[in-house]
Every structure is written in C-alpha cells, then in structure tokens.
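Engineer: Below, each chain spelled out in residue letters.
Protein chains: 2
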Amino acid sequence: MRLMRITVFALLYCGFCWAQATDECKPSSLNIPGAKYPCVYPDGRATFRVVAPDAQKVQVRVGGAFDMEKGPDGAWMVTTKPLVVGFHYYSLVIDGSTVADPATRTFFGSGWDNSGIEIPEPAEVDYYLPKDVPHGQVGTSWYHSTVTGAWRRCLVYTPPGYDATPAVRYPVLYVQHGSGEDETGWIEQGYANFILDNLIAEKKAVPMIIVMEKGYATKLGQPAPLAQPPTVVNDAVRAAAPRGQNAFGDVLVKDVIPFVDSTFRTRADRDHRSMAGLSMGGNQACQITLANLDTFAWIGMFSGTGIGLSTQRFDPKTAFNGVMADATSFNRKVHLVWIGLGTAEPNPFPDSIKAFRESLEKGGIKYVYFESPGTAHEWLTWRRDLNDFAPRLFRK
Amino acid sequence: MRLMRITVFALLYCGFCWAQATDECKPSSLNIPGAKYPCVYPDGRATFRVVAPDAQKVQVRVGGAFDMEKGPDGAWMVTTKPLVVGFHYYSLVIDGSTVADPATRTFFGSGWDNSGIEIPEPAEVDYYLPKDVPHGQVGTSWYHSTVTGAWRRCLVYTPPGYDATPAVRYPVLYVQHGSGEDETGWIEQGYANFILDNLIAEKKAVPMIIVMEKGYATKLGQPAPLAQPPTVVNDAVRAAAPRGQNAFGDVLVKDVIPFVDSTFRTRADRDHRSMAGLSMGGNQACQITLANLDTFAWIGMFSGTGIGLSTQRFDPKTAFNGVMADATSFNRKVHLVWIGLGTAEPNPFPDSIKAFRESLEKGGIKYVYFESPGTAHEWLTWRRDLNDFAPRLFRK
Chain A
1 MRLMRITVFA LLYCGFCWAQ ATDECKPSSL NIPGAKYPCV YPDGRATFRV VAPDAQKVQV
61 RVGGAFDMEK GPDGAWMVTT KPLVVGFHYY SLVIDGSTVA DPATRTFFGS GWDNSGIEIP
121 EPAEVDYYLP KDVPHGQVGT SWYHSTVTGA WRRCLVYTPP GYDATPAVRY PVLYVQHGSG
181 EDETGWIEQG YANFILDNLI AEKKAVPMII VMEKGYATKL GQPAPLAQPP TVVNDAVRAA
241 APRGQNAFGD VLVKDVIPFV DSTFRTRADR DHRSMAGLSM GGNQACQITL ANLDTFAWIG
301 MFSGTGIGLS TQRFDPKTAF NGVMADATSF NRKVHLVWIG LGTAEPNPFP DSIKAFRESL
361 EKGGIKYVYF ESPGTAHEWL TWRRDLNDFA PRLFRK
Chain B
1 MRLMRITVFA LLYCGFCWAQ ATDECKPSSL NIPGAKYPCV YPDGRATFRV VAPDAQKVQV
61 RVGGAFDMEK GPDGAWMVTT KPLVVGFHYY SLVIDGSTVA DPATRTFFGS GWDNSGIEIP
121 EPAEVDYYLP KDVPHGQVGT SWYHSTVTGA WRRCLVYTPP GYDATPAVRY PVLYVQHGSG
181 EDETGWIEQG YANFILDNLI AEKKAVPMII VMEKGYATKL GQPAPLAQPP TVVNDAVRAA
241 APRGQNAFGD VLVKDVIPFV DSTFRTRADR DHRSMAGLSM GGNQACQITL ANLDTFAWIG
301 MFSGTGIGLS TQRFDPKTAF NGVMADATSF NRKVHLVWIG LGTAEPNPFP DSIKAFRESL
361 EKGGIKYVYF ESPGTAHEWL TWRRDLNDFA PRLFRK
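Chain order of the listed sequences is A and B.
According to this note's numbering, the first sequence is numbered sequentially starting from 1.
According to this note's numbering, the second sequence is numbered sequentially starting from 1.
There could be a bad hint or two in this list.
Since the list gives no way to pick one copy over another, a pair counts as held whenever it fits inside one copy or between any two copies.
Said to hold, decoys possible - Simulated pairs of lysine-lysine, DSBU-like, Cα-Cα distance not exceeding 35 Å:
(1) Lys203 with Lys131
(2) Lys26 with Lys254
(3) Lys70 with Lys57
(4) Lys36 with Lys219
(5) Lys26 with Lys219
(6) Lys36 with Lys254
Hints are computed from structural coordinates only; laboratory data are not their basis.
As the structure is a prediction and not an experimental result, all values here were calculated from the model.
Chain A with its partners taken away, still in its complex shape:
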C-alpha cells in the first residue's frame, strides 16, 4: 500500500514535471541569446522544446527522429538518447512541415538554413574555441567571375599580425565545404579561424591565409542549374539543390586565385598554395589539384576523395590523366596528400576512402591518413582534420 502510494505520487509528480530538464542540462552554445532549450546533459542527451499549441505531431530530427510530447502549456518536449559529440544540423517536423527550430542560430547545410546543436566533448577541448591569443580576421571579399559572368563572394582569413606587418607575404590554403553547404561553413560550423589562431599562437602552424568559396558554379551562357522543385523546399528529406559544380575548378583557378593574389599579400606559387575540402569539397580538392599541379602542391581530403562516393579502386597509372603514373616524380612534386575519416562515419565514406587509399598504395603514392575517433560525417571530424592538416602545410 505504501509502495503504491509512492508510485501514484511519483506518477502525479511526473505529470507536473513531465519533461522539464534539470539544471544539469546546459543550453547549447548555438542557441539564440537567452534560449534555455535545446540543452545538453553531460552524457550527451539533449532536451528540445518547441511551442506548438495546436499541432498534432511534432518531431525533432537529430541523428534520427524523436517524437516530442505535448505538455499542459502547449510546448512539446523530448529528451534524446546520448548524441555523438560535435556539431549536428537538426530540424523540427511540425505536422509534416520540416522547419528550423527558432531557438537556435541557423547554419547553411543541405541547401537551407537549418538549426544546429553542439554536443560538447567530454574532456576539455579548446583548440577550436576563441582563446586569449592574437586573432586573425575573417573578411568577405567580392569579386567578378569571368567564368560565370556574375559577382561572387569568398571568405578570407588573414592571420594575426597581417595588417601590422605589411612587408610579409603568406602562403594560402583554399578550403571547401561539403554538398549543400556554402562558404560560411568553415567559419560558422568549422571554426577554422579559431583553429588557426590557436595553432599559430602555439607555433604549430605557419601563419597562412585561408580562402573559402562556395563550390557551385555554372559557366556563363550555359543553362542555369535545375531549380529545386518547390515541393521539396521543406520536405523531410531534402537533397541539396542540384546546382552545377562543373565550372568551380575554372572559377577557382581563373578567378579566385588571381583575385586573391592581387588583393592579399600572398606567396603566389605552387609551393605556397594548398587546397583541401570536406566530403564533396574533398572530391573537388583532389580533382582540381591533380588537374593543376603547377598551381597546388599540398592536398587535403576530409571524408571525401577524388573518386566521389565510389567504392571501386582506380588504376593509379591512368587515373586523373595519368599524373600519378610516375610515383617517384609525383611524390617529389606533391608535398602532401592527406586523407581523413571519422570512425563513426557511415558508408559509403569508409569504403570509398579505403578503396582510394588502396589505389594510392598500389601506385606507390605517399599519403598521410588520419582517423578521428568516435565522430561522424559531421563538422567535429573536420575541425580535427584541419587541426592535424594545417600544421603540416608549407613546411618545405
């Protein structure tokens, strides 16, 4: 009887507190100012909350779908299972409509501005946080593309001391986002500026300029890429808009690099120019550098390679127009081939990268391989990649 009373009391009590998060649940660092939810528990569980008094069904989609429960105040809440550490895009589904959660800042991914949540790493990790070190600047620069016939913008990180030392020239890393993202990804999600600030302060990386552009381009006069069918504008599963990428290599080599070399104090030769990218951007980095080895000497592929999503080996003697046919010459000419993968990434990424590595090995091509433990096809993997990759650059 006593037990039953306690149980009843507990049930009643839960009727009031049904889904309130405890003080242990800390607001995500990506929330809008003042928003308590979403919050994250020390074990990685997250509690979400959305006001939707007249909705029939509300879900949060963050590494899987979680049904939310409606409380007496018209707010829907759910606490997830523990989430993978790092940055996750997420969205709400309110009566069949996929939208961003108004409680967080938005981040451009999958072709639209969706929500983000950051699950902190258990140990204290601060290599990507702003610290009390000199900070570089991230600038937005506009240039006219002769290839597309349009004004475009890129983001440019100039390292600490750039303005104060007008006689110094710097090497340049061009680094690209993934499919459905844009030039803001490496700053807003990747914290590339803070990673480099911290590496430079510790003298682990040489001061360098970083350039970020959006990896989509269609040649002037060619038909514009297909518009996204309006029915998928906010469907639950969205493909990135099928925007053309075929002219991006030309934009980079013919427009961006000349613009950067004439606008910033660069060391404008292949020994001081690198290209890297993540996922689709890794594919672009591989394809573009191998087609332009007079322009680039350092290559980074983060969760993506020159064979795209293929899991088939290639013939290193003939692939990429045969640039690897003479391995000794290639290994002398290319100062770094760097490949990274998160151990929690789903296929095809592990298999594709395995096939790519095996092909390189068969051809005698040297490369560095890096694994990020426990992280997915997401930005924490790529922050770690950059943190390992950047210190190896421009050491020759």
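Chain A is fixed; fit chain B onto it per the hints.
Structural biologist: Okay, now just chain B, sitting in the frame of chain A:
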C-alpha cells in the same frame, strides 16, 4: 449558356491552378538557391508556399497575418496584398508555432533568425547593389572586452584600396543596428558595404572604415541579463530578449575604439570619428556621442533619437548633462547632427522624432533632417539614410 459554360470551365480550371503564381511572380532575392517561393509580383504582392501536409492552420506574417490555403499537394499558399517596398522580416505560424520559412535565408531580428523577403523598388535603384566598381572588404574581428570580461566580435568594412595603400589612414564610422538585431544587420539586411562601395566609386563619399558591433553588453561581475522565458522562444509576438545595453557605451569607448585604432589604419581623433545607428541604435548613437564629445564629432540618428520612444520634448539647456546649453559652442564642436525618418513609420517614431527635433530647434541646435518616402520602420529606410548620411561625413 455559352457564358455559363465558360464560367464553369473557369471555376474548374481554378480548381487546378488555385494558387499557382504566374511567371510574373519573381523569386525573392533572399530565397535559398533554387527556391521559387516566395515570389514577388511587379505590384508588390507576394506569393508564399509551405509544405505542411498534416497542419490545420498555416499563416504567413509579413506586415500583417495572411491565412494560407491548403492545396491538393499538401502545400499551403497565399498571395498577399501589395507589400511596402524594401526588406521585411517575416515568419510562418504552423498550428500555433512561429517558425522561419525554410525557403529563405534567415536574418537575425527580434532576437532570432527569421525569414526575409525583399520587395523591389518599382524604379531601377541600384545604390545598394553590387556593381562593377572596386569593392571593400567586410571583416569579422575578435577582441577581448575589459568591460564585459568576454571575447566579442565586431564587423569591420575596409574601403576599396585599403590593402593596396598601406600609407593611407581612414576616418571611421561606427554604425549600430536596432533592438533585437545584431552586428550582422548592416551587412546582411542593410548592404552598408555596397552602399559605401558605390558612393566611394562615384566620389560622393570619402573612403572610410565602418565598424559594426552588437549593442548589448553587461559589465563583468554584474548579474547576467534576464534569460528569455522559454515560453516565448517561438511565440507569435516576440519581444527582443531583454539583454542589457547599459554597458555598451563603455564597451565601445573603452574596448572597441582602442582595438580598432590599434588594428586598422584609422585617423584616431574626434574629427574623423562618427557614430550612427537605427532605432535603438540611434538612441545609443545619441547618448554615447553626447557623453563623449571628445571622441565623436559626427552623429547620425536613423528612426531613433536620444529620447528613445518618448514623445515628450526635452529641455536643451539641461538635457544630456547640458552639452547643448551653449548652442553656438555645440554647433561649432559637432560637425553634423543628422536625423532620418521613413514616412510610413508608425508611431511612436514620427512623434518621438518630432519632439526631439522641436527640442533641438528650441535650443538652437543645427541638424539635418531627411525623410524616406513611403518606407516603414525597416531596412530600406535605413539604407536610404546611410546613402544620404555617409556623403556628409568627414568633409571638414
């Protein structure tokens, strides 16, 4: 009979095309890539579309609420009445939940990332668009605030030629956003960089640096500002988060200005330093400049003044610690007092600005007054303000 048949046919036909927009409806310039909706008709009407197959009621809120109608494909649509020209924040209400429209880029206003739509001006107006002129850069700079004890960031526009002319020093305009907005507003919504690029190219404005910060700050050790109650995170009518502003003047004068003067090539004296702002930022500009006349000599108030939302006149002999008591001296010392208002702004703005102007006039204080025809308490008013204000700066 024939007429009836035509009518029936037209009704049936409308059953199929019920709310499709015609080719005259052009996608808003602020849409995500590939999104056809929202689109805007030449007369300013806009058609919105949102996929929400299981929702009971969907509205778009853009200068009023418009009920959307559900089509056979589960998408809700509505065409509004003609909207005021310029940039509008807007949101969707899906079964009582206020969210951003996933079809547009998001813009930080009212304390969250909501949607935006741009209603083009009828005549060809391009003073705020990127043109084939030299472009300045917009940089994000991080600095440590001694006042708040935290890292903060500001955006800094450096004019065309800044990097190429290392011997030249530039005057600085500090320009602030409105309540609920942040340091990105003047670039993302206001196009301040393009406005200055174009003015400088036409030699209508002197090349200048522009600095933008977020106008919220609480002193180190003081209680943090009240968190937003979670119930209003996505309520329909949101107040801006009650974040403290009381320390912003200190942050600007003690942290930002020294940082900018030591990081950029500025002309670091009052004759070459201006502050302006819109709405809440206009109040801050007035309050901060009048309290620091050794630091600033040019003042701009866009849809906001030093009396906030008050519509009461002030006594120019005693207000603002008496800095206007001697009008002759004030008029000699302050090179420009500039006040702007959109003619479609609602009260209290017109009455407040009227009271402020009358008070200045009573005290013999000179000022420039500018009206933007037909625009509201929105960004097109403030683009026009900047376009009139900036050319008057630093001419002494």
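Engineer: Can you give me the call for Lys36 and Lys219, within, between, both or neither, at a CA distance of at most 35 Å?
Structural biologist: Between copies, since 22 Å is at most 35 Å while 46 Å is not.
Engineer: Cα distance capped at 35 Å. Does Lys70 pair with Lys57 within a copy, between copies, both, or neither?
Structural biologist: both (9 Å within a copy, 18 Å between copies)
Engineer: For the identical chains here, do Lys36 and Lys254 meet the 35 Å Cα criterion within one copy, between copies, both, or neither?
Structural biologist: between (47 Å within a copy, 31 Å between copies)
Engineer: When no copy is specified for Lys203 and Lys131, does a C-alpha distance of 35 Å or less occur within a copy, between copies, both, or neither?
Structural biologist: Classified as within; 15 Å inside a copy, 41 Å across copies.
Engineer: For Lys26 vs Lys254, is the C-alpha pair at or below 35 Å within one copy, between two copies, both, or neither?
Structural biologist: Close across copies (32 Å), not inside one copy (47 Å); limit 35 Å.
Engineer: Is the C-alpha distance from Lys26 to Lys219 at most 35 Å within one copy, between copies, in both cases, or in neither?
Structural biologist: For Lys26 and Lys219, only the inter-copy Cα distance (23 Å) is at most 35 Å; the intra-copy one is 48 Å.
Of the numbered hints given earlier, the model fails none.
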